[in-house]
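Peer 1: Sequence:
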Amino acid sequence: MDDTLSEEQKVTARAVLGREGRGFAEEIGLGRTNNPASLFGLLVAAVLVAPRGEAAGPARAAHEVTNRWHTAGDLAAASEQDVAKELGAAVEGFDRDDDRDDSASDDAGTLIALAATLSETWGGDLRTLREEAGQDPARERALLLDLPGVDERVADVFLREVQVLWEEVSPFADDRALRAASALGLGESADDLARYGGGAEKIGRLAGALARIEVEGSHDEVRRAAASA
Numbered sequence: 000m001d002d003t004l005s006e007e008q009k010v011t012a013r014a015v016l017g018r019e020g021r022g023f024a025e026e027i028g029l030g031r032t033n034n035p036a037s038l039f040g041l042l043v044a045a046v047l048v049a050p051r052g053e054a055a056g057p058a059r060a061a062h063e064v065t066n067r068w069h070t071a072g073d074l075a076a077a078s079e080q081d082v083a084k085e086l087g088a089a090v091e092g093f094d095r096d097d098d099r100d101d102s103a104s105d106d107a108g109t110l111i112a113l114a115a116t117l118s119e120t121w122g123g124d125l126r127t128l129r130e131e132a133g134q135d136p137a138r139e140r141a142l143l144l145d146l147p148g149v150d151e152r153v154a155d156v157f158l159r160e161v162q163v164l165w166e167e168v169s170p171f172a173d174d175r176a177l178r179a180a181s182a183l184g185l186g187e188s189a190d191d192l193a194r195y196g197g198g199a200e201k202i203g204r205l206a207g208a209l210a211r212i213e214v215e216g217s218h219d220e221v222r223r224a225a226a227s228a
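Numbering follows numbering that gives the first Met the number 0, with no gaps: position 49 of the sequence shown is 48.
Hints are computed from structural coordinates only; laboratory data are not their basis. Some hints could be false.
[As the list claims (entries may be wrong)] Here are the computed lysine to aspartate or glutamate pairs in the EDC-like style, where the Cα-Cα straight-line distance is at most 16 angstroms: (1) Lys201 - Asp191; (2) Lys9 - Asp191; (3) Lys201 - Asp1.
Throw the hints in and build the complete structure from the sequences for me.
Peer 2: See below:
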């Protein structure tokens, strides 16, 4: 860790990682390796959870979908009805103002369109997108935003999680992570989080943990854990 960090900051960072040491990908059993299936799973999860505050229901739904359809090609060939049925396994996470069945159907259509475009444009492999971007994070984001269902929030969640694998993205933290970091006195930027050491993997874990704390509103629990350490 950076020697300029206060002892309180160091203890708080350890409390964050001790309480929420995994991002949503690990929490729901999605692998995080640099292969087509794992990267596709991360993107599907980001599409489902980003608009819904990274709630548990959509995260579980992402696991159900990618557990049945392992690749973009598999999902592109699936029927909307079958995909909507899998999404319904976590329907409580899709509770919006519109009808839940319609919501699952809309999400199924989005995921199938995403998978089809990814298959047609990038051979179903996000590593090809990365190569085309020249491992330039800004270009990677721009190409991701061209995909169906991917907006700025989705890109943020995907890049936050994938920085463990794509080190050129690191340090990266989305708005949720930075709000929690600021509230806990850990810093105001991704560069601030990088001061806690450990390279891209630790930054990814720390940013993911902070985002979950922000979603859960568990800042006080972290403060208590740090105070008792």
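Peer 1: Now look at each hint and say whether the structure bears it out.
Peer 2: Hint-by-hint comparison with the structure:
no.	hint	result
1	Lys201 - Asp191	holds, 13 angstroms
2	Lys9 - Asp191	holds, 12 angstroms
3	Lys201 - Asp1	holds, 14 angstroms
Checked against the numbered hints given earlier, the structure satisfies every one of them.
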